[in-house]
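**Student:** Spelled out from the first residue to the last, the chains are:
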Amino acid sequence: MDEGPDAPQPPPRRRTLVLGLGAVALLVLATGVLLWGLPARWSGAAPAPALALHGRDIGAEQWDAAFTLNDTAGTPRTLADFRGKVVLLAFGYTHCPDVCPTTLAKFAEVRRLLGADGARVQGLFVTIDPERDTAELLRAYVPAFDPSFIGLRGSEAQTDAATKAFHANYQIVEYQGTVMVDHTASTYIIDTRGRARVVSPYDQPAAQLADDVRALLRQG
Amino acid sequence: MSARPQRRRSRRGVVLALAVLTLAAAAHAADAPAAPRPPLVEVADAWVRATVEGQTGSGAYMVLTSREDAQLIGAAAPVAAKVEIHEMHNVNEIMTMRRIDRLALPAHVPVALDHDYHVMFIGLRHQLLTGQVVPITLHVLDAHGRRHDIAVRAPVRPLNSAPPTHHASPAPGSAHG
Numbered sequence: 360m361d362e363g364p365d366a367p368q369p370p371p372r373r374r375t376l377v378l379g380l381g382a383v384a385l386l387v388l389a390t391g392v393l394l395w396g397l398p399a400r401w402s403g404a405a406p407a408p409a410l411a412l413h414g415r416d417i418g419a420e421q422w423d424a425a426f427t428l429n430d431t432a433g434t435p436r437t438l439a440d441f442r443g444k445v446v447l448l449a450f451g452y453t454h455c456p457d458v459c460p461t462t463l464a465k466f467a468e469v470r471r472l473l474g475a476d477g478a479r480v481q482g483l484f485v486t487i488d489p490e491r492d493t494a495e496l497l498r499a500y501v502p503a504f505d506p507s508f509i510g511l512r513g514s515e516a517q518t519d520a521a522t523k524a525f526h527a528n529y530q531i532v533e534y535q536g537t538v539m540v541d542h543t544a545s546t547y548i549i550d551t552r553g554r555a556r557v558v559s560p561y562d563q564p565a566a567q568l569a570d571d572v573r574a575l576l577r578q579g
Numbered sequence: 449m450s451a452r453p454q455r456r457r458s459r460r461g462v463v464l465a466l467a468v469l470t471l472a473a474a475a476h477a478a479d480a481p482a483a484p485r486p487p488l489v490e491v492a493d494a495w496v497r498a499t500v501e502g503q504t505g506s507g508a509y510m511v512l513t514s515r516e517d518a519q520l521i522g523a524a525a526p527v528a529a530k531v532e533i534h535e536m537h538n539v540n541e542i543m544t545m546r547r548i549d550r551l552a553l554p555a556h557v558p559v560a561l562d563h564d565y566h567v568m569f570i571g572l573r574h575q576l577l578t579g580q581v582v583p584i585t586l587h588v589l590d591a592h593g594r595r596h597d598i599a600v601r602a603p604v605r606p607l608n609s610a611p612p613t614h615h616a617s618p619a620p621g622s623a624h625g
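Line by line, the protein sequences are chains H and R. Start counting the first sequence at 360; every next residue gets the next number (our numbering). Start counting the second sequence at 449; every next residue gets the next number (our numbering).
It is worth saying that the hints were derived from the structure and are not from the lab. The structure presented is a predicted model; accordingly, all values stated were derived computationally and were not measured. Don't take each hint at face value.
As the list claims (entries may be wrong) - Below, a sample of chain R positions facing chain H; criterion: calculated Cβ distance under 8 angstroms:
id, residue
1, Arg497
2, Val500
3, Thr504
4, Gly505
5, Ser506
6, Glu532
7, Asn538
8, Ile542
9, Met543
10, Ile548
11, Ile570
12, His574
13, Thr578
14, Pro603
15, Arg605
16, Leu607
What the hints assert, rightly or not - If you want the ones that stay clear, here's a sample from chain H, every Cβ over 12 angstroms from chain R, calculated:
id, residue
17, Asp416
18, Ala424
19, Ala439
20, Gly451
21, Pro489
22, Asp570
Note that beta-carbon positions come from the ideal geometry of N, C-alpha and C, so glycine has one too.
Just chain R, same shape as in the assembly (with noise of 0.2 angstroms):
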């Protein structure tokens, strides 16, 4: 007699749950919606080169793997007034560094941010010094147009430290980085 209510209770008690856990579910969806999700673009060994007082520029370098094909567009960070990407070219020994507007990110390809690209900070608002940790985000376009923001946390190596020698293009077979 006693026992259908009961069991009536539990299983309003399971409805009630079920409930609120949806409801979690849903306002955290809600909050973070690319949280279940890697970003679209993977970073690694990325470090800003130090400065001297009074130097207003310096680079950042990374490796950059993108899970879909995408385009990066652009980069920023609170500590410089202008961050560019640049090109190096090496033209009969005349090096030149010009700022290019969008950097090819293939699937799953890394694209080292080394020699032949870097990440170009102009105007920097303090002097940059080894062990400090600098904010860059980085603005990735992928294939549906839509724009992703990659946050970047690269700390500052010494000034005489050398970019170690990244491979742009990998040989064939080994593409998944």
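Only chain H is shown next, with the shape it has when bound in the complex (with noise of 0.2 angstroms):
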């Protein structure tokens, strides 16, 4: 068949390079996301991989965020019985009569504000003054802001060892004739796979603690 002189397709040359810019197009898009889903598939132990978060993301510092500590039933927790949560964790003293209420009332909202992921967030108080906060005590303090919360308790060395673990400090101070404890007030955000991921500071509002906490959730 002969092509007519006016036939109204486009030049061969030209077709060429369409199709070659088309292929390219999609070579890159394809490659982008691969590199893009890989590193959250490759993260078993590795460091974890970074997430924009409003605390501080302490992720690639591979913390070794371990403690043995009893529940207020004397049963020896650790973090490894709350894989598949993510743990907000608080040292504390149930003498303290701001600070430590306030970080626990903020806990009980971020589960307020995460509706049904809520039941997948685990809020942990553990005391840093365990002479005078018995399990007794704890028993009915912790649960007051939420039933689900965890108040843990240890024997001095235990106690110090936890805190060493989130490089938290606490000092036993008495001030003319009272009894007080310094503390670090952050929370510790901690994975579903049990690593440790976000400090976040004492006067972070409960919204963002949430949103941290869902990007966690979301990560898995």
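Could you fit the two chains together into a complex? Lean on the hints.
**Tutor:** What follows is the structure in structure tokens.
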């Protein structure tokens, strides 16, 4: 068949160019998708992937955030007990009038803000004043903020080990006859695989803490 | 004729009435000398955090506005063995809480005892239940060195209540709180 000189088809060279550009675009897209998706799949025991977080991202620091402390029934607990949940952990003491109740109230607020996902959040309160904070007292105090929250206490050595594992500090001080405990007031967020991931400062609002928990739940 | 003694009697009555009124006013003044004047310090939004069984400490929160330059020098409450004014410090995320002997109350500037400061109860005599009212007496020293006792009745709020954020340093021009 002869093509008429007036046929409205593009010249063959231009058609090849369009096809070639399309192929390159597809290749770039495919590579991008692969590179985006792979690190999440590889993240087994390796450093946790970076996330957009409000708190301080400590995923890359690979803390050995381990502890053995007793719950208020006297059962020894470790972080392995809470796999599959995102853990919010704070150190404190029940004689603390302001900071500790504010933090625990914030944990309860985070659970509320997460709606159905709130069931996948575990609040833990570790006393750094085990002498005065008996199991009975913690059993009454901690669940007053949310019935699912667990109070943990240990010997002085266990308490020291737990605070060290989270790079936290505490010091029992007696000032003019009153015993108080200076302590780190940050919240530690542990991901569903038991890795310490975020340090959230004391004055970070509940909504931002909830955002960070949501990011860790999404990542699984 | 008879009108004169009557007028005199009525004048006598007025004098008597005035005397009685003056005496009554004087007696009233002697009974409660501070009554006609409002207290030196106005207390707003006072509340106390509830406790669970076995807890021996808690805190009271409020906003104080003094009519004159003054200082809060202490407090007392029958509910606790010891009541102190505490100041909080956050240094690199480590919270410290220390007793202070005096807190300045500049004239007409609301001073919030919510986050940086609070009234601390030590050695509670009983559990504090939501809805109870805790009487507190604040000890305030005025600029002339006179001591004023300010009575506060603070309701108990649930353990998980968060103090509202008051701004201890008000913006310029808003000092008349």
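**Student:** Now tell me, hint by hint, if it's right for this structure.
**Tutor:** Hint-by-hint comparison with the structure:
1. Arg497: Nearest chain H Cβ about 6 angstroms off; hint holds.
2. Val500: It holds, given that the least Cβ distance between Val500 of chain R and chain H is near 4 angstroms, below 8 angstroms.
3. Thr504: Result: holds, 7 angstroms to nearest chain H Cβ.
4. Gly505: Where the cut-off is 8 angstroms and the nearest Cβ of chain H is about 4 angstroms from Gly505 of chain R, the hint holds.
5. Ser506: Holds. Min distance 6 angstroms.
6. Glu532: holds, 7 angstroms
7. Asn538: Holds - the Cβ of Asn538 of chain R comes within 8 angstroms of chain H, reaching about 6 angstroms at its closest.
8. Ile542: Result: holds, 6 angstroms to nearest chain H Cβ.
9. Met543: holds, 4 angstroms
10. Ile548: violated, 10 angstroms
11. Ile570: Hint holds; Ile570 of chain R Cβ to chain H Cβ min 6 angstroms, cut 8 angstroms.
12. His574: With Cβ-Cβ at 14 angstroms, over 8 angstroms, it is violated.
13. Thr578: Where the cut-off is 8 angstroms and the nearest Cβ of chain H is about 11 angstroms from Thr578 of chain R, the hint is violated.
14. Pro603: Violated, because the Cβ-Cβ distance from Pro603 of chain R to chain H comes to roughly 16 angstroms (cut-off 8 angstroms).
15. Arg605: violated, 11 angstroms
16. Leu607: holds, 5 angstroms
17. Asp416: holds, 16 angstroms
18. Ala424: holds, 17 angstroms
19. Ala439: holds, 27 angstroms
20. Gly451: violated, 9 angstroms
21. Pro489: With a cut-off of 12 angstroms, Pro489 of chain H remains clear of chain R, as the shortest Cβ separation is near 14 angstroms.
22. Asp570: Given that every Cβ of chain R is farther than 12 angstroms from that of Asp570 of chain H, nearest at about 19 angstroms, it holds.
The structure is inconsistent with the numbered hints 10, 12, 13, 14, 15, 20, although it conforms to all the rest.
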